[in-house]
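So the sequences go chain by chain: A and X. Under UniProt numbering, the residues of the first sequence are numbered 1 to 385, in order. Under UniProt numbering, the residues of the second sequence are numbered 1 to 385, in order.
Since the hints were derived computationally from the structure, they do not count as laboratory data. Worth double-checking, as some hints may not be accurate.
Identical copies go unnamed one by one, so any copy, or any two together, can satisfy a pair.
What the hints assert, rightly or not - Listed next, the in silico DSSO-like pairs over lysine-lysine satisfying Cα-Cα at most 30 Å (straight line): (1) 129 to 353; (2) 176 to 223; (3) 364 to 176; (4) 338 to 26; (5) 319 to 76; (6) 108 to 353; (7) 364 to 7; (8) 176 to 7; (9) 289 to 154; (10) 305 to 340; (11) 14 to 302; (12) 377 to 108; (13) 223 to 14; (14) 176 to 129; (15) 108 to 304.
2 protein chains.
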Amino acid sequence: MTELTSKVDREARKKASQILRDTFLKVIEQVNKGEPPVMEIPKRTLSNTIYDEKRGLLILGKEKLRRNFLDLNEAKRFMQTTLMASIIYDALVNDEYPTIRDLYYRGKHSIILKGPNKTYEENTWDEQKESDSVIVDIEVFTNLLREDMLILSKEKGKVVGDMQIRSGNDIIDLSKMGHGAYAIEPTPDLIDFVNVNAEFVLVVEKDAVFQQLHRAGFWRQYKAILITSAGQPDRATRRFVRRLNEELKLPVYILTDADPYGWYIYSVFRIGSIQLSYESERLATPNAKFLGVSMTDIFGDKNKKPYLSEQERRNYIIKAKEADVKRALEIKNYDWFKTKGWQHEIEIFLDKKSKLEIEAMASKGLKFLAFQYIPEKIKSGDFVS
Amino acid sequence: MTELTSKVDREARKKASQILRDTFLKVIEQVNKGEPPVMEIPKRTLSNTIYDEKRGLLILGKEKLRRNFLDLNEAKRFMQTTLMASIIYDALVNDEYPTIRDLYYRGKHSIILKGPNKTYEENTWDEQKESDSVIVDIEVFTNLLREDMLILSKEKGKVVGDMQIRSGNDIIDLSKMGHGAYAIEPTPDLIDFVNVNAEFVLVVEKDAVFQQLHRAGFWRQYKAILITSAGQPDRATRRFVRRLNEELKLPVYILTDADPYGWYIYSVFRIGSIQLSYESERLATPNAKFLGVSMTDIFGDKNKKPYLSEQERRNYIIKAKEADVKRALEIKNYDWFKTKGWQHEIEIFLDKKSKLEIEAMASKGLKFLAFQYIPEKIKSGDFVS
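Could you put the whole structure together from the sequences, leaning on the hints where they help?
See the structure below:
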């Protein structure tokens, strides 16, 4: 009989449950020794978030918080953490695949405390925000990402290219997806790269443009691994891209709209989000390159002829909104945007107050986009960095 | 050398460009005969949208509008239509794969009219809304869906199951996707079903729940084709589901949250959207069944024991919002919800003002959801219909 679940998953379960168990056993040891149970967890505050310039990564600093069960201010959070850890542990040993949403439901209940004169009622948590935050605590405390604990999530990332991977019990040929694509699994660390015949990775923000490039045969022509994040990238897509870069040494190019939202998507791939720097160490791709669409592609500058004519600019350009300008000013101050190239890019934007969608480039002809604009920029190293 | 594009696409191009050409040649014939050029296009108004009870479909009635070039009120729309048709035709014969967004850009420009004393300037269109509406006109005028004209779009639908399909130049085994899934192409009419070993289709609204069921081996255990629409279904997912039902005679079950938004998703699969009834004839699956989560699953009724205990209801139920109640009242009046089952369902909702997410069911244990709740309901025919 065919097994219902994969061997890879069973091994991952064993490993994660062991680590989770060992970590929390230390808390129990404290109790056994008559000490107050305390968890020392790396602080996830902004002040403990450091941009490591050498590695090009956001990382957590050395500051730790001590979550003490006997401290009234900490007791609830302490209990929430152990409750969630026990739910995740149960899920691991019982072959479950929870999501963060159902972990919220699994733990949600009221605790009734009968006092001498009064009955107290307290909810374990009221909103998913609370239980999510506890999950992150467990991630930094155990140094296991949620994916390592087989917590699943929705996944938008897709990939095609001349490459075979092993996922679950199958070997999948990503060059044989027809007009469709391979939807990346939520636990990309469990993927094995079996056979790769590619020279670079192109990540496209927009799914529709991914479809166009795929269908036109772009990846076949240029030996590319073609990926879309379908908007803001999720964790699995980021981790998958990082692994292609780190393990296979493939350069990674990011193609987004020419606007601050596109820059932010690039930034999430390259650095991660400031709020979740703990994950950036494994999810970010510090040497991902911003291929375009850049402001100099649109307007040119003293060293470069623009890709658009005056008339095309008139037809294609969208006026920037207040929110775009605000976001651009924020991004301008991020450490990793403080390069000559990016400051130039952002200044052109703030000067012209103009943005452009990739679709405008496709409308000049898909052949222009796929077989001229993108390869020309890659060949000449025309990135913003 | 490997071809960059597929043979299937080249054949589809030939067919669509021929039909497009023939349709618009008739307009030119009118001109040649000295007649005013007129397009007769089925009306897409609400009054010309009919619920065909026998077929269970929304269809366009017999009313047509006459778009006359020599009528001042119609001239702009007439020109927009011919402009768009020529852009789509060019794309077809030039091996392009446009999206509706880049079709908007391709046609966007200003037409300058030099009068004796004054120069007039008129934009072909200002917003995508306008060009999209023209595309729909061309669809109903030519009886070609945009997909037939190789207009691509973003696509969210995923599928796994014991089934082989031919897409493009490849044969793809949907039972060998590992932990990932097959992302459906934007032109699902070009897919061939090669080999199918399945008994039913389960469509899950939420991608995360799809991941859970997939990973737990649900489709393997029950010979299901497992699909997610990842929220509101797009056209390709709807067409793919319809084809599975119509051509392979597989029953289709829809699993959504227990709320009016979930019912609406079911309604889009089953009937299509009221605004776009012209497409429903090919995209809707009139005999799709609403599997759950139903209000009677939550609360039970005189004939049925609920799946949730009193305490589970307390922990899982979400209070309905004003907007939910409003939407429920709208849905209650749709013709295809005027059945005993649906009116009962909607009345319980309006009475309890409560909704529930599928994740709450998963939190009772994925095994409960995958190996008890879903199969039990299918086996006993416990649908809302």
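Non-conforming hints, listed in increasing numerical order: 4, 11 and 14
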